[in-house]
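Asker: Read top to bottom, the protein sequences are chains Y and H. The first sequence stops at residue 413 when you use the working numbering, and every number in between is there. The second sequence stops at residue 413 when you use the working numbering, and every number in between is there.
These are calculated hints, taken from the structure and not from any lab test. One or more hints might be untrue.
No copy labels: a pair is met if it fits in one copy or bridges any two.
Quick list of in silico lysine-lysine cross-link-like pairs, DSSO-like style, CA-CA up to 30 Å [what the hints assert, rightly or not]:
1) Lys56 / Lys186
2) Lys321 / Lys405
3) Lys24 / Lys244
4) Lys244 / Lys56
5) Lys56 / Lys409
6) Lys56 / Lys24
7) Lys405 / Lys56
8) Lys186 / Lys118
9) Lys118 / Lys56
10) Lys405 / Lys118
11) Lys405 / Lys186
12) Lys244 / Lys405
Protein chains: 2
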Amino acid sequence: MTTRQDCITLDQQDPLAACRDKFALPAGEIYLDGNSLGAMPRHVVARMQEVMEKEWGQGLIRSWNDAGWIDLPRRVAARVARLVGAAPNELMVGDSTSVNLYKALVAAVRLRPGRKVILSERGNFPTDLYIAQSVAEMFNLEIRYVDSTPEDVLAALDDSVAVLMLTHVNYRSGRIYPMHEITKRAHDAGALVVWDLAHSAGAVEVALNDANVDMAVGCGYKYLNGGPGAPAFVFVAERHHKEMRQPLSGWHGHARPFAFTLGYEAAGGIESMQCGTPPLLSMLALESALQVFDGIEMRVLRAKSVALTELFIRLVDEKLAPYGFGLASPRDAQVRGSQVSLTHEQGYAIVQALIARGIVGDFRMPDILRFGFTPLYVGYADVYDTVQAIAEIMHSGEWNQEKFITKKAVT
Amino acid sequence: MTTRQDCITLDQQDPLAACRDKFALPAGEIYLDGNSLGAMPRHVVARMQEVMEKEWGQGLIRSWNDAGWIDLPRRVAARVARLVGAAPNELMVGDSTSVNLYKALVAAVRLRPGRKVILSERGNFPTDLYIAQSVAEMFNLEIRYVDSTPEDVLAALDDSVAVLMLTHVNYRSGRIYPMHEITKRAHDAGALVVWDLAHSAGAVEVALNDANVDMAVGCGYKYLNGGPGAPAFVFVAERHHKEMRQPLSGWHGHARPFAFTLGYEAAGGIESMQCGTPPLLSMLALESALQVFDGIEMRVLRAKSVALTELFIRLVDEKLAPYGFGLASPRDAQVRGSQVSLTHEQGYAIVQALIARGIVGDFRMPDILRFGFTPLYVGYADVYDTVQAIAEIMHSGEWNQEKFITKKAVT
C-alpha cells in the first residue's frame, strides 16, 4: 500500500516542486482542472498592472512600437513553438482554437483539390467537428466519422481523404493518439494531417516536426496557463508555407499591413495565418504566463505527469475498489495524457462533493469524473489526498446530498 | 478671431467636461489618436487587478458561473447595442473586426443566392476589402469597386449586387456615408448592406434599426476605449436571425454548447455569431471601460464632437492659411465624423514634431495628418493648443529636423 508519507517523500524529491509557488492557487485547494483553465502564475498580476498603467494608459498608441506590441504574436509564438517541437517561424498565436482550426482546415483542403473527404473521429472535441462541418459544406466535401481507436482511424484512410483531423489527446479519456505513426500513414495515403493540441501543449511531449505534421492548432488557456480565453495557436510546417492559403485574410496577415494596398497579398510565411488586430491584453498575459516554462524541458514535465497519473491510478486501485468506479483512461502511461478520467454513475455528485472539500476536478456527461494533473503545480501528496477524499466521500455517503445531486449548468 | 480664453470658456460650459478625469492620460499630453487606440478609463486598472487576483487566480474554473464569464459577451453586447441603435439581442461581442466581417459577409451572401457581386468602394479600410476578396473567391462572386462618393455607390447598385459593404465613417477623410439613404436604396435594388462602424461606434450617432440595416461590425478599441485589440462586435437585424448561417461554427455559437452533440446546431439568435472561447481578459477590460458611457446619450457626445471639429477647422482657417495645408475632411459637419484630416506634403514630419510636443495625432500615407477628437476626454482648449502648436511648428521650421523627417514604421 502507498502511504501519504511515501507521497510527501516524492514531493521532496520532485525537481519541479519549486514551480508550485509560482502559481496563485487558493489556499488549501487541490486544483485538478488545469486541463480546463490553467492556474495563474503569480507574476502575471504585476505584469498586467504594468501593461495597463504604462503600456495602455501612458504609452497609448506609441506602445505598438515602444512596448513591442507589433511583434507580440511572433514573440509568444516562439515560446509556444519550443514546447511543441516546432520552429519559431512555423507557429502563430492569435484568435481562438476554433478560428485557427478553420484557417488550417481550409488551407489544408485547398492543398488537396479533388479529394472529397475530411476524416475524423466521433469522439473528437465537438467544436472541431462543427468547424469541419462548415468547411466541408463550403468545399462540397463529406466528413467521414470513425470510432476512436487508432486502428479505426488507420483503416479509414484511403485516396479520397483530403485531410485527417484528430485531437492528439482526447478531452474525455486522455488517450494519446500515436502522432508519428498516424501522420506517416496518412501521408502514405496522400492526405494531410491537422492535429489539435488543446490537451497536449504544455502537458505531454509533442514533436510536430519530428512527426512530420502538416498543421496543428492548440489552446492557450489550459496547460499553457495563459488566462481565461487566452489566444490560441496555429502551426503550419514550413514546406506548406508557399502554397497555403487561409480564408481569414485580414490585414495583419498581409505582406505590408500598413501599406494599405487595394488587393490582399499574403505575408508569405506563418504571418499569413494572422487576421485582425489581436486581443493584446489577453495575449500579453499569455506571454507573461509562459515564463513559468523557462528552463523547463518538456520531458521533465512529462515524466512528472506520468508519475502523477500512475500514482493516481494505483491509489484508485488500492482505495476505491469497493465503490464501482471504472477507468476511462488508458492504463498504459505511454498513451495517456496528463489527466485520468474515472467513470461512476454518481459522477456528477461525487465531483460536487470533492469541490466542496476544495478538490477541483470536473464532470463530463454522462458519467466521467475528469482529473487533470498539471505537473507545474500539482504534487504527489495532492494525488494521495484526492483519492483519500473520494474514498471518504463514498464510504460516508457524503456525495448523496441534495446540494450535490442537483445539476447546475456545466461549463 | 477665436482666442484661447474663448476655448476655456467653452470647456467650462461643457456638460462632458467631468468625463476627462475618468481617463488616465499622460500628464500634459493632448491625445488626438483615440480613433486608433482609445485612452484608458482609470477605473479599469483596479477592475483588471480584481479580475486577475479574484476571478482567475482564486475563482479559477468556477468563475465561468460565479463571476458570470459565461454571460459576458451578451452583457458587453447590450452596452454596445445602446450606442449604435440596436436591440441587445441583435449584437454580439467577440473576435476581431476582420473575423466578424467574414462571418457577416458570408451570412449575407448566403441570403442572396444567385447574385454575383459584392459592392464596395476603393477607399474602404483595406482589411474589409481583403476579407471581401476571400469571401468572393469562396462563393465565386466578383467585387465591384467604386469611387467613394455616395453618388458613385448608388449608381453602382443593380440587381446583380448581393451585398453592399461600406464603412460608415471613412478612416482617412472622416466622411460619413448617409446610412439611411444608402441602405434604403440598396434594399430597393434587392441587396443587403453590411456596415463597418469602426470609426462610428462611440463617436457619432448610429441608428442601425432606424436605418433598417441588415448587418454591421465594429471595433472595441477605438472610440469605445476597450483597450488594445479589444474584442469587436457584430450586428445582425433580428429579421435575418432565422435564416442566417455564418461559417465559423464553433461551439460557443451552438444551441447547447455543453451538450457536446456530434452535429452543429446553431443557437438561433445572435448567439450563433459566436465561435470559440472569447479572450476574457480583453473582454472584461472592454466591459469595464464601457462604463464611462453610462448615463451619456450619444447625441450629447455627438454635439460636442461636432463642436470640437468645427472649432478645429475654424482655427486651421484662421492660423494655418500661410502654410499650405489642405482639408481632407468634409467642411459640412453633418457628413463629418469625429476626426479632421489635413493634408500637407510634410505631413509625416509635422505629426512627429507635434508628438514631440506632446500632441498625439497620426499620419496616413501619403500626406494625411489625422486628428481624432474623442469628446469624452478632449477639450476645446486642447483644440486651440493643437492648432497653435502647428502654427508655431510651421512658422519656426521646427518640423524640418532629421529626427522628424526620417520615417519609422507607421502603425
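Asker: Compare the structure with each hint and give your call.
Answerer: Cross-check of the supplied hints:
Taking CA atoms no more than 30 Å apart as the test, Lys56 paired with Lys186 passes in neither setting, with 49 Å inside one copy and 46 Å between copies. In this assembly of identical chains, Lys321 and Lys405 lie within 30 Å of each other by CA distance solely inside one copy; the values are 25 Å within and 73 Å between copies. In this homomeric assembly, Lys24 and Lys244 never come within 30 Å of each other (Cα to Cα): the closest approach is 41 Å inside a single copy and 49 Å across copies. In this assembly of identical chains, Lys244 and Lys56 lie within 30 Å of each other by CA distance neither inside one copy nor across copies; the values are 39 Å within and 46 Å between.
Within a single copy, Lys56 and Lys409 get their C-alpha atoms only as close as 44 Å, which misses the 30 Å cut-off; across copies the closest is 25 Å, which meets it. Within a single copy, Lys56 and Lys24 get their C-alpha atoms as close as 24 Å, and across copies as close as 16 Å, so both meet the 30 Å cut-off. In this homomeric assembly, Lys405 and Lys56 come within 30 Å of each other (Cα to Cα) only across copies, at 24 Å, whereas the closest approach inside a single copy is 46 Å. Taking CA atoms no more than 30 Å apart as the test, Lys186 paired with Lys118 passes inside one copy only; the shortest distance there is 20 Å, against 42 Å between copies.
For the homomeric pair Lys118 and Lys56, neither the shortest alpha-carbon distance inside one copy (52 Å) nor that between copies (49 Å) is at most 30 Å. Neither within a single protomer nor between protomers do Lys405 and Lys118 lie at most 30 Å apart by alpha-carbon distance, with minima of 50 Å and 58 Å respectively. Taking the closest pair of Cα atoms, Lys405 and Lys186 never come within 30 Å of each other, the shortest separation being 50 Å inside a single copy and 56 Å across copies. For a Cα distance limit of 30 Å, the shortest separation of Lys244 from Lys405 qualifies neither inside one copy, at 57 Å, nor across copies, at 38 Å.
Violated hints for the displayed structure, listed by number in ascending order: 1, 3, 4, 9, 10, 11 and 12.
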